[in-house]
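Listed below are the residues making up each chain.
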Amino acid sequence: MIVEIGAFCLILSLILSAAQVGLSVIGRVRRSVVFYGAGEGAAGAAFLMVLIAFAALMYAFVTSDFSVANVAANSHSAKPMLYKVAGVWGSHEGSMLLWCLALTGFGAIVALMARGLPAAMKSVVVASQGSLGVLFLAYTVFASNPFVRLLQPPVEGRSLNPLLQDPALAFHPPFLYGGYVGFSIVFSFAIAALVEGRVDAAWARWVRPWSLAAWSLLTVGITLGAFWAYYELGWGGWWFWDPVENASFMPWLIGTALLHSAVVTEKRGALPGWTVFLALGSFTFSMLGAFLVRSGVLTSVHAFAVDPERGILLLTILGLAAGAGFGLFAWRAPKLAPGGLFAPISREGALVINNLVLSAATVTVLLGTLYPLIKEALTGQSLSVGTPYFNLTFAPLMGLAFLVLPVGPLLSWKRGDGLGALQRLWAAAGSAVAVGLLVLWVQKPTHVAAAVGMGLGVWLIVGVFVEIAERIHLGRASAAEVRRRLGGLPRGAWGMSLAHAGLGIFTLGACFETAYKIEAAQALSINQAITVGAYQVQLSDVVAANGPNYIAERGLVTVTKNGKPVCQAKPERRFYPANSQTTSEVALCLEGLDDVYLVLGERRVGSEAQPAWLVRAYWNPLARLIFLGPLLMALGGAVSLSDRRLRFAAPRRAAETVAVPVAAE
Amino acid sequence: MGWMPRSKKARRRLLVVAVAAPILSLAAALAFFAMGDAVSFFYSPAQAQAAQLAPGKTIQLGGLVAKGSVAKHPDGSVEFVIMDHAASEKVVYQGDLPDLFREGQGVVTKGSFEASGQFRATEVLAKHDEKYMPREVTKALKASGEWRGDKDKVTPAGTTKG
Chain H
1 MIVEIGAFCL
11 ILSLILSAAQ
21 VGLSVIGRVR
31 RSVVFYGAGE
41 GAAGAAFLMV
51 LIAFAALMYA
61 FVTSDFSVAN
71 VAANSHSAKP
81 MLYKVAGVWG
91 SHEGSMLLWC
101 LALTGFGAIV
111 ALMARGLPAA
121 MKSVVVASQG
131 SLGVLFLAYT
141 VFASNPFVRL
151 LQPPVEGRSL
161 NPLLQDPALA
171 FHPPFLYGGY
181 VGFSIVFSFA
191 IAALVEGRVD
201 AAWARWVRPW
211 SLAAWSLLTV
221 GITLGAFWAY
231 YELGWGGWWF
241 WDPVENASFM
251 PWLIGTALLH
261 SAVVTEKRGA
271 LPGWTVFLAL
281 GSFTFSMLGA
291 FLVRSGVLTS
301 VHAFAVDPER
311 GILLLTILGL
321 AAGAGFGLFA
331 WRAPKLAPGG
341 LFAPISREGA
351 LVINNLVLSA
361 ATVTVLLGTL
371 YPLIKEALTG
381 QSLSVGTPYF
391 NLTFAPLMGL
401 AFLVLPVGPL
411 LSWKRGDGLG
421 ALQRLWAAAG
431 SAVAVGLLVL
441 WVQKPTHVAA
451 AVGMGLGVWL
461 IVGVFVEIAE
471 RIHLGRASAA
481 EVRRRLGGLP
491 RGAWGMSLAH
501 AGLGIFTLGA
511 CFETAYKIEA
521 AQALSINQAI
531 TVGAYQVQLS
541 DVVAANGPNY
551 IAERGLVTVT
561 KNGKPVCQAK
571 PERRFYPANS
581 QTTSEVALCL
591 EGLDDVYLVL
601 GERRVGSEAQ
611 PAWLVRAYWN
621 PLARLIFLGP
631 LLMALGGAVS
641 LSDRRLRFAA
651 PRRAAETVAV
661 PVAAE
Chain W
1 MGWMPRSKKA
11 RRRLLVVAVA
21 APILSLAAAL
31 AFFAMGDAVS
41 FFYSPAQAQA
51 AQLAPGKTIQ
61 LGGLVAKGSV
71 AKHPDGSVEF
81 VIMDHAASEK
91 VVYQGDLPDL
101 FREGQGVVTK
111 GSFEASGQFR
121 ATEVLAKHDE
131 KYMPREVTKA
141 LKASGEWRGD
151 KDKVTPAGTT
161 KG
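Chains as they are written, first to last, in the working numbering: chain H, 1 to 665; chain W, 1 to 162.
Among the clues, some could well be false.
Covered stretches of chain W, going by a simulated chain H footprint (3 or more residues, C-beta under 8 Å) [as the list claims (entries may be wrong)]:
1) 14 to 27
2) 35 to 42
Listed next, the stretches of chain H that the computed footprint assigns to chain W, with coverage defined by at least 3 CB atoms under 8 Å from CB atoms of chain W [stated by the list, open to error]:
3) 111 to 123
4) 363 to 369
5) 422 to 435
6) 529 to 538
Hints in this document: simulated from the structure, not taken from any laboratory.
Because the structure is a prediction, the values reported are computed rather than measured.
For glycine and all other residues, C-beta sits at the position ideal for the given N, C-alpha and C.
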């Protein structure tokens, strides 16, 4: 019964979304407050209905109702409760429902909470969000309905893919979708700007928090995914430039560009058309990601829930939404008032370079991701584009952006003092070069790229400190004045500093780990050992360890360094009978910021007919920074969001009364 | 500067182009340069034998893992045979096989032929989902008549239909 209520509410939400579009459009045409309100109410109601549908599906999963096809295919009665709940979004149908939940939820927030937004513009935002809701809800209801019943329910479900039964991946989709779909609001604001023909500081002030929120959620989502790939797949890597990873990375890159160009539009009224273009682009790339991941057109190591036939429908939705958005852009953008002028050496100028590089990087990633499709369509030859392509194109472009990054915040708006900014960065430049040379000297001098990368990471981190020191007049003013200025720094400034420092920390970790990680693998019998870097890894014992829905062999591994014990690790090899699938549970030994990473492989017959297990051990130096950095970036986004000036309902006047000490007056 | 356009707007546009052009051409140059080496073509065993590939060239070799062909050695290396309808290739791989590697299932490996004619794999494509079959393998199997379709299709959920 509850499942039928869910199915009913899902259909109702589709109708309400259609009503939301109709009422808001009528309201906009007639300029009628009643219709505006009705459209907003419909948006709220549509969200409520999807929420009920979502709860109903969750109920079916929690109670293991195998008469529902989706539950039978993705759940199992012996599964731990967390993964029963996470199973809701572990399948194609369920994850589309989560997508719709986020889409209508964000729409409802704008419709019901956004006060102070001009009524006409708000109605267009609500109508646009409703149209996206209609597209995706119609897809969910007609092509991907999670509430379909089975005529002959099985006694037991087929269970969720064991690789997905993992805490990091249980929370990965909600964050990722929050990010993907958060950009839909930005998309709708862009549509509204084009329809109303105005892009001004007030508009940018609305777009910024939304893009910031979406970007932060996406950052957390991607980081969780990378961390999951790192320790659940057991390959020792965290990023493979796989199409599915790229699909989430491209909206992130465009979202990052959007964050920065929205600042220019808000503060200086410049680049209005470009900001609108990026706002349209960010959600277009989100939809492209949804299509690439689900359609299976590209061979991916992370292929889940693939269905080519429904992929075509997703491509149609993508074409409709993006086509309408960019068509409107082509028609209306030339009418947007051109923005303010600025000199090439200025904060605007630095942000333009940031945007150019990020966009160019996105295009190269897009090219590398889609090249197999293009080539196959043209010549019929199957091929794949490997990691070297992405490393060779993406890294130099990002290096260029990193070079400019610390300079930007030190320049003033409109016309900056480039030489002065560079002079103030001598400490950052000096330490960056020193670290680069040190890495070359201490480590193998063949790793030039790693040395450059580490130098850039230090350049970013020290650059952040230089920028804060400049803002608080460190060394130029009295201690009391410095303290007063430090307390007066807006949260937006702290957020930016955190995010930039996080990027530097990530760069340090990523470059160091990639260049200097050590791998060792060998079939070990009990009490045999291998050496990885400075560590001795001994397989002490292998015992049986069974969980609720799996049976496992658990290795007891003793890790020592120079004879001193470091840790006792327990990597596992699990077999899930429900899926007849084996997974490896990696054990991580945290050594400061380094990881000793241990995988227990399959049982083999070793020497003298003794049983042996293939043990793989990695020493991943500074690996923790790779995941810490992006989390700092997301935290920076959250801190910025808490800034009074960016609060959704904050009236404009309040924003102007807050004193903003600018870096270089 | 007499050669600069008169209007402020045009001058600004020129400046944008002057800044954007090097960055975009750098991106384009890098992309074309990097694409050459990073691309690896897909071959089924029959196609690989017909193509007379030079030793050392990185390719992807995919097909079905022949039943009973997997031999695991104590030093950690694995030998198995990848076959399609018309031909088969012996593959040597050093390392741990992905958890979903099984005899009789589709697989894609990446590596190169040695001078002796043996294929040495550096990567074995791991899948996360036992229902998932790499597209290239599906296509190659269909072309050679080896495709048997979705036998275990129970529900409408998430099944690959090539």
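Verification of the supplied hints:
1. 14 to 27: Held - the stretch 14 to 27 of chain W has 8 residues with a Cβ nearer than 8 Å to chain H, which meets the minimum of three.
2. 35 to 42: holds (count 7)
3. 111 to 123: violated (count 0)
4. 363 to 369: holds (count 4)
5. 422 to 435: n = 0 at 8 Å, threshold three: violated.
6. 529 to 538: Violated, because only 0 residues of the stretch 529 to 538 of chain H bring their Cβ atoms closer than 8 Å to Cβ atoms of chain W.
Checked against the numbered hints above, the structure violates hints 3, 5, 6; every other hint is satisfied.
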